[in-house]
Amino acid sequence: MLYVVLFFLLFSLLLYVLLGGADFGAGIVELFSSRENKKVNRDTIYRVMGPIWEANHIWLIILIVILWIAFPVYFNIIIIYLHIPLTLVLLGITMRGVSFVFRHYDAFQDRSQLVYNGLFRFSSFVTPIFLGMCFAALVGGQLIVTEDYTNYGFYDLFMAPWFNGFSILMGLFYASLCAFLASTLLIGESEGDIRTMYIRKSKIATGILVVLGFVLIAYGFFNDIAFIRDFVTNPVSIICIILSGILLVPLWKFIRAGRRILSRYFAGMQVVLVLFAALIAHFPYVIITSDKEISLLEKISPDSVIMVLGISLIIGGGIILPGLFHLMKSFKMIKIFEKDEQQFQK
Amino acid sequence: MENLDYARLQMAFTLGFHIIFACIGMVMPFFMVVSHHKWLKTRNPVYLKLTKAWLKGVAIFFVTGAVSGTALSFELGMLWPEFMKHAGPIIGMPFSLEGAAFFVEAIALGFYLYGWNKLPEKFHWFTGVIIGISGVLSGILVVAANGWMNAPSGFEYINGEFTNVDPVQAFLNPAWFSQALHMTLAAFVATSFGVAGIHAFQILRGKAVEVHKSAFKIAISFGAIAALLQPISGDISAKDVAERQPAKLAAMEAHFETEKGAPLFIGGVVDEENKEVNYKIEIPNALSFLAFGDFDAEVKGLNEFPEDEIPPVAIVHYAFQVMVGIGTLLALAGILFFISLKKKSWMNSKKYWWFFMLLAPLGFLALEAGWVVTEVGRQPWIIYQIMRTSDAVTPMPGMKFSFFMYVAVYILLAITVTWLMQRQIKALNTQKD
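Order-wise, the sequence lines are chains Y and S. Sequence positions in the first sequence follow this note's numbering and run -7 to 338. Sequence positions in the second sequence follow this note's numbering and run 40 to 472.
So that you can see chain S by itself, here it is in the shape it has in the complex (with noise of 0.2 Å):
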């Protein structure tokens, strides 16, 4: 493998660990003010534990996601430093306002981790409010930058050279809003499933019940909403990247020939070779009508596309259909939740809590099978269609070293942190009221 390789490695190791601490981070502070609303209206002490408890968390989560975030910021130039050295002033203005939504989360945080007895009982509370709105807008400020990669807007590129710079034209690009939308969602359903199906299995180790399906119910209610509603904002990424990336498009469903009326595939076995899927579930017209709408209309196949501009088409493909199947499933669990709200017996059934239980992974699964998909999918640009990845790498060799380097600290941060949550759940059983 080539210092390229490395680097790209590195980067979607790193990104895809961030990812999940960033999206627990941004998350969980909804749980932890809604349980903190409930204690402060009904003054049960069950929901000042599950506060407090759910607070450390908080807190270890913010500063794993700040940390790792801190170290993005410096390798999108360490690995990339061509990369930026362009791209930086024209995608900068969402940067330097997530970084002011971020200092601000940070402030609220010290507020509201320290606040306790000590400041006005709602200003306190506010504070946490203030921790989860500034995380979520984070999250979407940070999305732009990467919706430009997709969607470069904002400047001209005239012989090379970047010129008519509109920073606030390239922060406002097409692809933002689909991806913003998506992304914050799947955080939510994430993390929410999550943290559901942690509290459902103590529920099934039946320690101190009554805390864990409080927090179960807070937990899923947002990741059931959220789940119904992703597939309504997947259904808007795919028209946009139909329109805007045909061959991204073409890479998730492994289509390779043009045609009218195209067919939707599901699951199957990529032959890159020969150029096409086997064993596959065919929809007949249904790409066609999810991309654009029309069961009739063109999509566009691989063959379209010149040999260095195709993404590798196996790994998008099984992404995609990974995303798209948790997804589903995820929505339907969320259904399944909103019966059993009607259906209160279904709450005492084991099964119901094995179900959830084994749900929790999930929804990190599919996150990180979406964000190949947008990645992988865009290459081998890192700007769409004006620079390829290859050209962005850094000239220092030896980034093997790097790699390995952050792949063992981040597992072992990722151990640790896994570790610290086990206590957390052990002390909130073993706590006495």
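If we strip away everything but chain Y, and leave its shape as in the complex, we get (with noise of 0.2 Å):
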């Protein structure tokens, strides 16, 4: 049952990773748009993203509960040590979820939505952005563990971790990996010069990207950073990050071809491939504190416990997939049928 709750652990994490990216990142490509575009954009991914746009957000919520549930230890060093940055994460989602439908759902269209639209757009800019310090602080070597809070000041014990160089690239990496994701998704939903538009966005987020991505292996490598060393150490790592730089070859003739659905599978398998390259350095280590790396499965919750959690998993993943499967299908997020495309096309 160990395996069913680490399955679900790490597939709502990557979902979230995915999905709330992308809603994430649409929120960055409108910020980053001109006047005309950020019209043009709000009302698409009003359109794509509109029905299942709060589910996305709900994974983080199941992450949280496996973790404080099944991984107790983990749970522990992760709210009390980013108690700061995960309130900024909070607050990011509060504020990006009710702009999002005061802006759709007000009763009418005035001047307040300039309120909910600058709201929106900074808060889907700074919330991954705090996310990926979040991720970067576990990582970072810099975290101090321990019972013994006076000893310590408060700046090194709430702060330094995730309050860094490292962090913040850390932080604008998965910003920009949201931004792609999201003008990727987007160009198979528009026509004309709308999609011109996104296939720029993308383009650019991907240079971005590819650039951030180096920069932040050049700066951990250079500071010695224990994550950054094994991970280009790592020989499966290396040949996931090379294998995603190869597939982005394949990527751009499909959006150019307009196979939007391809296209989209091969975005998503990109985020697959440098979530599973982060983590399988160090599995199951992957906090690394200051003189320690902790395993994820040290001191896990009794066997009744993860039984009954791995029960709940299966049940409540029997119903809500073929859930959301059907809603994306229903609304055409995904199609199943080359023929569907095929329409599409014509």
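Mixed in with the good hints there might be a few duds.
Capping the alpha-carbon separation at 25 Å, the derived lysine-lysine pairs in DSS-like fashion look like this [claimed, not checked]: (1) Lys284/Y to Lys252/S; (2) Lys465/S to Lys246/S; (3) Lys161/S to Lys321/Y; (4) Lys246/S to Lys389/S; (5) Lys124/S to Lys439/S; (6) Lys157/S to Lys321/Y; (7) Lys77/S to Lys383/S; (8) Lys256/S to Lys382/S; (9) Lys439/S to Lys252/S; (10) Lys124/S to Lys291/Y.
In case anyone wonders, no lab produced these hints; they're calculated from the structure.
Using the hints, put the two standalone chains together into the complex.
As structure tokens, this is what we get:
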């Protein structure tokens, strides 16, 4: 049953990074658009992402609930030492969620839209940055996990691990990944000039993503951050990263050929590879503190708890996944048959 | 004030905020589907207009409830890491099921919001029903976790260690049923009277009276039934508390001395220092009867408990009085509504609408008061008789700032949502048929 729980943990992490990321990215693309394109983008993402936008963010709740039930050691570290950046993430999620619904469900469309739009774009941009910073803090090797809080200063315990050059780079890296996902997704949902606009955005995002990826690795390497050092010396990670670079070529071919579903799978594949590369180098030791590596499987909950959680997840997943799939299909987020795709091209 | 006090205030404030939005998000879908059903049956455009107006309300409240709920799921750990470290695995089951129910709700909402003229009519309506059912289910499941804090079960506590954990038994803890029933009914009462009161106000103003009268009737029907059932559920809850948490019961009643044939105090000013209640109305033997079904039963007073295990008496007593008082008033209002269905002339009287308009905020007040009773009444424990709240709090200093930030953000949100609702009503009033 532990494997079922681990599967759902990684699965919800992946889906949150992917789907939540595409949501954030849509706001980022909008932030960095001309005034005219901002409006176009606003209407497009309402049409495309509207039906599932709230569902996307529930993966985060599932993730945190699995962590607290099955992996109390990890949960405790995350929740105590990342208190500040997590608060900022929550603030961002709150603002982004409400401004999205306010701007589309307000009874009148007037000047208040300016506020909603501004809030939506800004929070879409900063939230993934803080999320990336949280991740960087866990693997960055600056965490001080202790029982004796009085021995350390506030800054060393609660600020330094997440507020540094490495984590800021990681935050920007994730934000550009989000923008890449969103613009690639939206290419398939638009036509004519708008389509050209999203293709341009997608190219820019890809460029930034690749550059930031290199800067991140270089920065980590020269500052001797264990996570990066092990990452670049782990053959599997390296192969994944090279593969993701090679796969950019077919991805662009599919985009140009208008194969919107295949291009989406390939964009998703990029994320899978990057995430896999990041986790595999150390798994199950994900958290790296200043003096040790902590295993995800350390002091996990008793078997009875894992058992019940696994069963709940299987039942819940059995209800949710078909529903979600049907929702996406109904609103043409994904298409199962190539036939549909041909119709679209026509 | 210390870190602990700010952490408690923040928890109280954010939960107090979430509870309102979550309850509205839970109950309003039911109004919406009833109105939708009437539209499908009668094809009277009034119902379509109303359904669409309520739908926007549901969307706004669902999202506000959802994001504040997301924040809460983190906050539990961020404020009370020691609690979550031990309790998290034990009470995780209802939370994971709640996650699933909530997910179903979000999916159904996606279908419902975007399904107009795209999905088959009946299926579309049915997705609305799913929103309501899964919303109520989420509420019931979350209350299971709170029930466990009041009635810890499903583990053995040996030398400060939680062993032999049985999550299913923890999930089915003895306080769950009575609390979930009481909470669900309360959500219906509060939301129904709130929504009905707003529509009563519009009727008074003479704006789009036909729509608002239909809206009023749908909303108040739910509320009236729930308000009449609530005293029964309250009785079940009281007996449960009397049995398992005598200190809470004693605080609710500001009952300082143990006695047989204990009287029930109504109102009164609590003097915690001299341990007495002044200016109260006393009903002899009533407390013994209500708590144990026996006029001569012994009710434990606060004097039986050590000083450091007594909850703040005055707050709990006042909150309890407010809850019961409002509950009684709303049950009477429910009866009044049912009579007015026979005596139609009442509905032409301005007094009738004034009455229901004034009731609008009371249900929510009772909701918050009831929550104060159960949460403050459990203090100083976070897990009843196992872990103290002060031992669970985060080691991070500076909770003061976190508290004030949440207050500022949530007040801003509350103001914005109220303003948005006002605009929805304005739009409903000015819309042409």
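Evaluated hints:
Distance check on the hinted pair: Lys284/Y and Lys252/S sit about 67 Å apart at the alpha-carbon level, beyond 25 Å; violated. The suggested pairing of Lys465/S with Lys246/S holds, with an alpha-carbon distance near 9 Å, which does not exceed 25 Å. Between Lys161/S and Lys321/Y the alpha-carbon distance is near 19 Å, which keeps this suggested pair within the 25 Å criterion. With a CA separation close to 14 Å, the supplied pair Lys246/S and Lys389/S stays within the 25 Å bound.
A threshold of 25 Å between alpha carbons decides the hint, and for Lys124/S with Lys439/S the separation of about 23 Å falls inside it, so the pair holds. Our distance criterion of 25 Å between C-alpha atoms is met by Lys157/S and Lys321/Y, whose separation comes to about 13 Å. Using a Cα cut-off of 25 Å, the hinted pair Lys77/S and Lys383/S holds, with the two alpha carbons roughly 21 Å apart. A threshold of 25 Å between alpha carbons decides the hint, and for Lys256/S with Lys382/S the separation of about 14 Å falls inside it, so the pair holds.
For the suggested pair Lys439/S and Lys252/S, the alpha carbons sit about 47 Å apart, so the restraint of at most 25 Å is broken. At roughly 11 Å between alpha-carbon atoms, Lys124/S and Lys291/Y fall within 25 Å of each other, so this suggested pair holds.
Checked against the numbered hints given earlier, this structure breaks hints 1, 9; the rest are met.
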